[in-house]
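So the sequence lines, in the order shown, correspond to chains A and B.
For the first sequence, the numbering used here begins at 1 and goes up steadily by one.
For the second sequence, the numbering used here begins at 1 and goes up steadily by one.
Just so you know, these hints were derived from the structure itself, not from any lab.
Treat the hints loosely; a few may be bogus.
According to the in silico footprint, chain A covers these stretches of chain B (three or more CB under 8 angstroms from chain A) [unchecked claim]:
id : region
1  : 18–26
2  : 69–82
3  : 148–155
4  : 163–173
Quick caveat, the model's predicted, so the values are computed rather than measured.
All C-beta atoms in this analysis are idealised placements derived from N, C-alpha and C, irrespective of residue type, glycine included.
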Amino acid sequence: MKTEENLKEMFGRKNPFKVPENYFETLAENIISQLPEESSAQVVKMSVWKKYRVHFLAAACVLSVLFSAGIYISIKENTKDAQVFDKTSVEMAETTIETEDAFDEMADYVMVDKEDMYAYISGE
Amino acid sequence: MEPQGKPESQRKAFENIVRQYNEQLYWKIRRIVLDHEDANDVLQNTFLKAWKKLPEFKGDSKMSTWLYRIAVNESLDFLRKKKVANAVSSDAELSVANRLMADEYFDGDRGQALLYEAIATLPGVQRTVFNMRYFDEMKYSEISKILETSEGALKASYHIAVQKISEYVKRKN
């Protein structure tokens, strides 16, 4: 930059400032002597809740997941039992129908009434 | 050097930081505030603030960068307060050169006094950018970390500062 070069030519970069004699020899100790004893960081006592808040929240999350899972499994088991019950009822109904069909076939084969056959089986 | 551990060791570490950086920081402050007594006060405030803010220093920048940032802010705060107190007018700009020439702790010639008078007309941050680049020959990347400004903005600021100073000096001559 030409303007910058012009400034350097005109004024240079020499430091024109001075300090009192022995200023820097004692400066550091003067500064240190005026520092307060401790930095301003203060230890604040936190309540148990504040201190362990994250842990409490994590435990609550885990418990709610377990609880929800427990409910879900319980519902699923009940649904399964209901399905099994329904299946058994259908099977029983189907079995009954098959038994009656068998009776009908037998009755036709021996040329005996179904009622007579039932009566014979029951011992009447 | 990053102070860690017990308060006692932290204090000892900070005392070493004071011994290591006091002179370096003094000159950076002096070029902004110009007067020796003012620079001494600002330097004291800088280390006091650094001591109070020490727990916040996480080592994500160099210690020198962190300290320099505090020093610049303290210097500019000082100038703002002084400006309010003195109600600076255009006449006051001329008195900067006269004040320097009368100052027992100023060893420069009339031309250098005029240069500092011209620099004193710049806004605080622009003044600081000029000092860092022109006198300290700092890289823009270093200045960027201290002032937390982009390198592009710094280059523009420096360019404008040089133009203003050149025009001011030409006018006064």
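Structure-based check of each hint:
no.: 1; hint: 18–26; result: holds (count 5)
no.: 2; hint: 69–82; result: violated (count 0)
no.: 3; hint: 148–155; result: violated (count 0)
no.: 4; hint: 163–173; result: holds (count 4)
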